[in-house]
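Undergrad: These are the residues of each chain, in order.
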Amino acid sequence: MVLSQKLHEAFKGTVERITGPRTVSAFKEKGVLSVSEFIIAGDNLVSKCPTWSWESGEPSKRKSYLPPEKQYLITRNVPCLRRAASVEEEYEAAGGEVLLDNDDNDGWLATHGKPTETNGDAEENLPSMETLEIGKNGTIKSISSYFGGEEEEDIPDMADYEEPDNLIETDAATLQSTYIIAHEPDDDNILRTRTYDVSITYDKYYQTPRVWLTGYDESRRLLEPELVLEDVSQDHARKTVTIEDHPHLPGKHASVHPCRHGAVMKKIIDVLMSHGVEPEVDKYLFLFLKFVASVIPTIEYDYTMDFDLGSSSN
Amino acid sequence: MSQNDNGSVLQFAPFQSLVDEGFWHRLSSLKLNTLGIDDSPISITGFYAPCSHPNVSNHLTLLSESLPMDQDDKLSVSAIIRGNRNRCSVPGILYNTNTIESFHALDKQSLLKAEAKKIWEDIHSGKAEEDSAVLSRFLLISFADLKKWSFHYWFAFPALMLDPPALVVGMKPTSQYFSLEEAESISAACNEWRNSSSTTDIPFFLVCIDSNSHATVRPLKDWEVCQGEDSKLLFGFYDPCHLPNNPGWPLRNFLAFIYARWDIKKVQFLCYRESRGFADMGLSLVGEALVSAPQGWRDPQSVPSAVGLELNRGKKIPRCISLAKSMDPTRLAISAA
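So the protein lines, in turn, are chains Y and X. For what it's worth, our numbering labels the leading residue of the first sequence as 76, then goes sequentially. For what it's worth, our numbering labels the leading residue of the second sequence as 95, then goes sequentially.
The set of hints was computed from the structure by calculation and includes no laboratory data. Incorrect hints may have been included.
What the hints assert, rightly or not - No farther apart than 30 Å at their CA atoms in a straight line, the calculated lysine-lysine pairs in the BS3-like style are these:
hint, chain 1, residue 1, chain 2, residue 2
1, X, Lys409, Y, Lys136
2, X, Lys409, X, Lys202
3, X, Lys419, X, Lys241
4, X, Lys242, Y, Lys81
5, X, Lys242, Y, Lys136
Bound-form chain X, shown alone (with noise of 0.2 Å):
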């Protein structure tokens, strides 16, 4: 894995879900109040950000900001949910079954084909171009037994696959890769998009670098602009993985995007990453990918096989957690005496 140079096969680190106590909260709230019986599928909004420190990825995390309102407290507040450069929003969809059979029912693999074709069609839209968040659309399927006060669920990252997969080759800290001068301008362009709110929580970017080192982050939607300057063209995105060796989930489906959208077969991407909240040219990482995708990817009409389940302390099982000593009024009652 260490020898990158002869191009060995690009590894993604998967991205790792993380729920906060709010969101099952409100699920149980929604659950009871509004939904019913109701178990058709909810568009919910998961939150990630660039990894920012060197000893811990960062995650896909779901808040109660994650489901739809309870109807009783819909004030308009949506302004406030918006995203900022801590919490990137990114579509998802929530399938949460009435009985526990029910649960371990559900057909995982046609749900996550199924995202992956939205994905897919995103991308041949040309949707991905104007809303990058797409590319990490997630599943979400849930179990809510509101009388033990547990949640049964699952998480995928639904991931294009390249057939053959893309080959890497040198990659290392973008510190080491560019020159000094460039890679303080790559680091100062991409404060700036950071620090902007029109444009810190869009995760997937395009960084130009011109003959005289100076770097620009523009959104993918200039991407034929950037083609008539004489100019390095990074791709960038948000890197939640801390790795050193190895580019983070989101760039799977970005590498499908750039190879199925323009054409291209060797792409030089930049994992972005940040320590306490700055970028960091010494954890951030260039490489080069070599995509040689087979015949069918210039077919819209045929979505590729996708992978991305998300593993449970490595195995292909659910996680559970038991919210009984927070949420059940009986508990409640007793440790309140």
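Only chain Y is shown next, with the shape it has when bound in the complex (with noise of 0.2 Å):
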């Protein structure tokens, strides 16, 4: 990590530790989230959203002042059929970029590679999100050296110990070869069908839903976060998504930096309530999830139910 953003996260954990979780109300205004409302939210996405659930995580790493049994919330086995990479230099091919902010070079990416609906107009006044700050410092060198250049020169060659013959082979009612199924139209035979477990945790620090990735190969093996910025749109990757440790599970896990998400949020209540749309706060994780999808269009998770954004004026 690099140094900046390690003073960072001490900076952030101790003021953690010593203020309490806002209570009062300041979504309207901040578009930020207070504890209680978080969990409103969330129950709102479950049942809306069945994929998604509430889960406890590791004891251990339980946080006081959200109850036991909805510490963060989680969707697994996500399909991600594409890189996001691969699919923003299909885009440039064909016509170039678009931001949807033209001020600096920093504004969100339009959502290409994403399922075509869209919500009138207020989607296409959505803000950019402003340059970020830690972003500036530079790419986080230390990802190479944590997860290690050197190959996994420990594990043998399982070959070794291949089994003979059995059953499997002949029995005629096992189907063959399908542990893989690519759903790839390309000719290179190279098969890209990731999952990815994605979690939503509260960020007590900058009070707002903070999202977390989890990616997994195409034989379901645990991927590297390294790999995992191939699906993140690369106006992001190693900026406003970088590599941590999860508040609630083990290991290091690719995660949206939150510092911003205030800031883009009350831009995006501030375009429904010029149109007219009073937001509600359990709708706050379906407009957050929209506006993530900017940033891992290729991901496939689910916050795409028709939903009334807030009590309309009209």
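Now that you have both chains on their own, put them together as the hints suggest.
TA: The structure is reproduced here in structure tokens:
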């Protein structure tokens, strides 16, 4: 980890320990959530999009300000059929990328490669996410050392231990070689269907939800977080998406850094309100996950339920 | 394979395993803090859910909660560990050896056979009727190399072999098999089953469709009640498989159960699948399986042959994962510096 990032983490940890969780709602004013609002929004997500569930995580990592059985939200086995990086290449080849904000080079990319359902003009007016300060300090250099450039030299050649044939070969009722199924029309026959576990935690410091990604390759082996960055919009890889300790699970996971979430959510809420839609706090996570989709455009998690964004005045 | 109409062999897509990093972390800590060199088998819990996407199958997943709690954090959290709709519990057994040699020396076939025998006994004792998840009982053997932080492992999903194998007739999506009215009623009944916290993680069930095209989902133990009624009966199960022409692995032992327990030779089955968390009658398959099993199946004492060792990229070799990067204190210290 870069030093500045480490310092920031230490600072954030201390602040989280000595300050109480937010109890007063500042959802419309700042785009942030109190703990109880996070629970309300999470309950609504779980009931409308049942692929999401609440979980309790590691007992030793449990946060006292959250109910023990509602520590974080997770949806498992989410398919990711293509790498975001290659989608962007194709997209550029087809005429260039579209920034939602042209003032600087760090605007949010339009969500290409997504299901094309739109919510009318609200979506076109999504604000840009401004340049992230942490990102400016450069890329995270420690990833390669953390995960090691060296190959897994300690792992013996498993082929030495191949079992002699047994019944399974001769069992007519076992469907053969379906353990990898590609749905890629590509002719190079490289199978790319990864799956992801996507989790949402509550970040007490930023008072917003935070998204974490755990990836598995096409034979369902754990992906190193470094490779997860291939499924992140390349504008965000290593800037807004960093690799850190998960607050409820062991190991390092890729995460969309929450330092601008409040501001972005505030802008989305402002846009809605300017259209006469009064946003409701239990819809927060639907809006949030819609905006996260621009960071991870090819991971097909569920946020697409038809919902009324809020109580419309018309 | 596409020609199902003349009764081709019913082929099941093997279960796939997926192990969360948290499982290995907790196994390591159990081994270091509690188990020591005790290598007796441990009861574990796997989790799975119906397929919920047309492009990927669901897996039998192991999480840190799959293992018993460490002694020091054994605070009564068992209520929380209960399954939910996205993680239906399946009982399994773990043989974790102390050396790589004993790992390779384990007699996988007899361990597989031993688990198959438990399934067979649960079928005959009626336990499977009460707690249907035992039909998907699984086996895991492993060696945790805590010096190198690498884990060697091998899964098996024991399936009782019908000999000759079951044939399948007319398998197609539920939406094409039934009238619109019936399909909608099945869909609603299944959603209701899945939305109730008392039934959501029960992976095998009955679907009764009455003469008014009204479907209800019932537990297996209601089978006799359903007999008295003038209704169509489907044997439903949570299908982890996404393939359009094949049911997933759990149907194998379910068919064995249906035949051995109730002596049914023509079984209408429902491979229940979802999309975005709701019943999907286009993905869910219905078909008729024709079972003709040999005499031995009536005898509870003679356990049928079983298959189900998981392949690793098509080969019969164990899997291995190295977690040195996230577990080795030396490497962690270096990366944190």
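Undergrad: So, for every hint listed, does it hold in this structure?
TA: We went through each hint and held it up to the structure:
no. : hint                  : verdict
1   : X:Lys409 <-> Y:Lys136 : violated, 39 Å
2   : X:Lys409 <-> X:Lys202 : holds, 15 Å
3   : X:Lys419 <-> X:Lys241 : holds, 13 Å
4   : X:Lys242 <-> Y:Lys81  : holds, 27 Å
5   : X:Lys242 <-> Y:Lys136 : holds, 25 Å
Hint 1 from the earlier list is the only one contradicted by this structure; the remaining hints agree with it.
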